[in-house]
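These protein sequences, in sequence, are chains F and H.
Just so we're on the same page, our numbering is the position in the first sequence counted from 1, plus 95.
Just so we're on the same page, our numbering is the position in the second sequence counted from 1, plus 95.
The hints are simulated quantities; they were obtained by calculation from the structure and are not laboratory data.
There could be a bad hint or two in this list.
Each pair may be met inside one copy or between any two copies, as identical chains are not told apart.
The list that follows gives simulated cross-link-like pairs (lysine-lysine, BS3-like), each with its CA atoms no further than 25 Å apart [unchecked claim]:
| # | residue 1 | residue 2 |
| --- | --- | --- |
| 1 | Lys215 | Lys104 |
| 2 | Lys100 | Lys199 |
| 3 | Lys239 | Lys104 |
| 4 | Lys104 | Lys170 |
2 protein chains.
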Amino acid sequence: MSDLKFRIKAESENPTKMKVKARGFEFTIDEPKDLGGTDSAANPVEYLLGAFAGCLNVMGHLIAGEMGFTLKSLKIDMAGDLNPAMLFGQPTEDRAGYKNIEVKLRPECDADEETLEAWKLAIASRCPVCDNLKHLTPVELKVKARQIAVEA
Amino acid sequence: MSDLKFRIKAESENPTKMKVKARGFEFTIDEPKDLGGTDSAANPVEYLLGAFAGCLNVMGHLIAGEMGFTLKSLKIDMAGDLNPAMLFGQPTEDRAGYKNIEVKLRPECDADEETLEAWKLAIASRCPVCDNLKHLTPVELKVKARQIAVEA
Numbered sequence: 096m097s098d099l100k101f102r103i104k105a106e107s108e109n110p111t112k113m114k115v116k117a118r119g120f121e122f123t124i125d126e127p128k129d130l131g132g133t134d135s136a137a138n139p140v141e142y143l144l145g146a147f148a149g150c151l152n153v154m155g156h157l158i159a160g161e162m163g164f165t166l167k168s169l170k171i172d173m174a175g176d177l178n179p180a181m182l183f184g185q186p187t188e189d190r191a192g193y194k195n196i197e198v199k200l201r202p203e204c205d206a207d208e209e210t211l212e213a214w215k216l217a218i219a220s221r222c223p224v225c226d227n228l229k230h231l232t233p234v235e236l237k238v239k240a241r242q243i244a245v246e247a
Numbered sequence: 096m097s098d099l100k101f102r103i104k105a106e107s108e109n110p111t112k113m114k115v116k117a118r119g120f121e122f123t124i125d126e127p128k129d130l131g132g133t134d135s136a137a138n139p140v141e142y143l144l145g146a147f148a149g150c151l152n153v154m155g156h157l158i159a160g161e162m163g164f165t166l167k168s169l170k171i172d173m174a175g176d177l178n179p180a181m182l183f184g185q186p187t188e189d190r191a192g193y194k195n196i197e198v199k200l201r202p203e204c205d206a207d208e209e210t211l212e213a214w215k216l217a218i219a220s221r222c223p224v225c226d227n228l229k230h231l232t233p234v235e236l237k238v239k240a241r242q243i244a245v246e247a
């Protein structure tokens, strides 16, 4: 199969609020007030968990179909621990991002424990977002500024 | 500073569509029709890019403030290449997730090129989502199934 290219375009509405466009869809990201935001939407690290959950849902259903069991529904609880010290430029030995992400898959299904263990391992190895979190992903940042007049 | 815990709860609406709850906020994830979905929302890997953009926006404004320049607005274009072969269980030597993520930061500001280079490097090192993408993130998957009757 050949590569697919996915794209988004985003624009700040204020220092913490951003509107994101992906194809014909839009979503808004913000920060809660205690992280300096205007609390109008979920925040970036919550969207990261949500993206991961959405990917696990797609993979969970796809692989259940391949394995021939009935997956009636899938609930996912997810949590991660993050020290905001690095983000705020405070001295810390902690990393900037999540130190760990814990995922509980709650399938409603007719599969036995052994089948579900194989299902889980297949999901973990084939889920794109899981791969980008668990392994190194090359990121290239470029800046193209538009200059405005220096304020007096 | 002490760790913060972020959480989401998600529930499938169909095999590709998932509703995600984070605090009081909700968002929906789906897949386009050509990836087997019902095309009602952005897909997981688009949300991953959006989460990253939202985090870069917060960091960009925070660090511009620390550096003392005016950041009037920030636009971000982002794209990534992904081979869906692994996802679909096809033979491939490619990884499951994005092979690379390209980010264009488009600040409207009064900073010179050297300042913007330092700004970019500080963002890259302090942005939580950037850290989770660029470096290894431990992920723990657990399964807790609810059994339903086997279909005849």
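Each hint, compared with the structure:
1. Lys215 to Lys104: Between copies only: 18 Å across chains, 33 Å inside a chain, cut-off 25 Å.
2. Lys100 to Lys199: between (30 Å within a copy, 15 Å between copies)
3. Lys239 to Lys104: Answer is within: at 14 Å inside a copy they meet the 25 Å cutoff, but 37 Å across does not.
4. Lys104 to Lys170: between (30 Å within a copy, 7 Å between copies)
Hint check: no violations occur; every hint is consistent with the structure.
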